[in-house]
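J.: Line order of the protein sequences matches chains U and W. Heads up, the first sequence is in my numbering, so the first residue is -14 and it goes up one at a time. Heads up, the second sequence is in my numbering, so the first residue is 29 and it goes up one at a time.
Calculated from the structure, these hints are not laboratory results. Just so we're clear, the structure is a prediction, and the values are computed from it rather than from any experiment. It is possible that part of the hints are untrue.
Unchecked claim - Distance condition first, Cα-Cα at most 27 Å in a straight line; then the derived DSSO-like pairs of lysine-lysine: (1) 95(W) / 40(U); (2) 219(W) / 94(U); (3) 119(W) / 47(U); (4) 40(U) / 74(W); (5) 57(U) / 117(U).
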Amino acid sequence: MKRFAGLWVLMSVLLAGCGGISPHLEDNTVSTGCFVFGYVDMGKAPCNLDWFEYKQVLPPVKDSVFDFRTYKGAFYREDFIPGSFELVDFGGRGKPFLIFPSNDYYTFKLPVQESGFRIHQTGRVYYVGSYKMTSKGDFFVQNYDVEEIQHPNELELLQVILPNAQGNPWEPLIQQRIAQLTAQGMTDSGWTPR
Amino acid sequence: MRKLLGFFGALAMGALLSSCMAAGRPLITNMGDVGPGETVVVGKVKVTPPLAEDEQTLNAIGSEGYKNRLFLLTGDQWRDLQTPLSGDDYKGHIEAPLGHTFFALSDAQSFYILGGTLILGVSNQWSQEDIYFPGGYKAVIRPGDRAVYIGTIHYYRNEFFQITQVVIEDDYAEAEALFSGRFGGQGPLRKSLLVPVETPSP
C-alpha cells in the first residue's frame, strides 16, 4: 500500500511538472528585468491554462522560447529583459469529463505577426492584455479563436497575481502599480477568476 | 510508436501542403515552353532583413522545398485576401525564390498581385505557421508580349515579421542579362514595373 502511495506522489510531481513553472515569483529581478502579465479566459476552451510560452526575438538568443508562470488564467513572469518578444502558444491538459480525467493535451498557437511586444525599461510592470477563447466549431469540428476582453482589467488581474508575489521584491512594485491605477480611476468590477 | 505516428503525421502534412494549393504559374527555363497567347513574367522578391538560416522550421516530409520561397498570390481581378487563405487563393500563384529572379509562364494578360505568403513553419503535428505579405499591384501585360519585366518587390520587415514598407525596385539591367543568358536573346524583355492599385479605403 505504501508503495502505491509513493507512486501517486511521484505521479503528482510528474503531472505538476507538465503544467509549467511555479506560480510564485522566485527571482529578484527588479533592477535587471520587468514584470509582464496578461490573462486568458479558458471557459470555452477544452482545457485549462497550464502553460503559456513566449519567444525572445530581440536580443536574439539560441534557445529563445520560455514559459510564463500561470495561475487561474493569469500568465506572468518577472525576468523580462529590455527587448522584443512574441507570445507563441498556450494550452493545457483537457478538462475532466465527470469524474474521468482527460489524457488529451491542447496547444493553441498565436499568429506570428500579431503577438509582439517591446520592453524598454527595467523595474516596470507591463500588461499585455486580457483575452478569452471563443469556440466557433461544433460537435464534429472544433474551432477556436481568441479575442480581447475588458475584464479582468489591469487592476483586477494584479490583485489576483499579488498573493503569488508575497515576499518577493516585485510585491511592493505591484502594490504601487495597483495604487497608481486606482488613483487614475480604474475600478474593480468585482470580477473573480474561474 | 510515437515516432511512427510522427512519421505518418509528417508525411500527411507534406502531402496536404502540396495538395491544398491550386496550381501556380510554372517557372520555366526554355522559351520553347511559351505558347501562343502566353508570356514570361520576370521579376524578383526580396525581404530585408533576409531570412536567417534557421528561421523556417520545415519538418514535414516534402516541406523542405518551401525554404526561402515566397508565394505571390495573383488574380485577374483585384480583391482583398482573407486569412487564413484557402487553396483557391493560390490559383495562378508565382513561387518566387527569395532574392533570385524568377521566370514564370503566364497568360498574356494583365493580373494583380493580391498578396504573398511564406511558410515559416510546418510540423509533423498538423500545424503550419504562415507569414502574410501585402499586395496591391497590377502587372500590366500587353497582347503580343513575349516577356515582361515587372520589377523587384522589396519587403522590409521588423523583428515581429510585420511588413513596414514595400518598395518596387527597378533591377532591369540585371534581369535582362539573366534573361538573355537563359533564353539566348529570344526577347525582347519589355519593362513594365508593377503599378500600385487604387484600393477602396475600408
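J.: Taking each numbered hint in turn, which are not upheld by the structure, reported in ascending numerical order?
T.: 2 and 3
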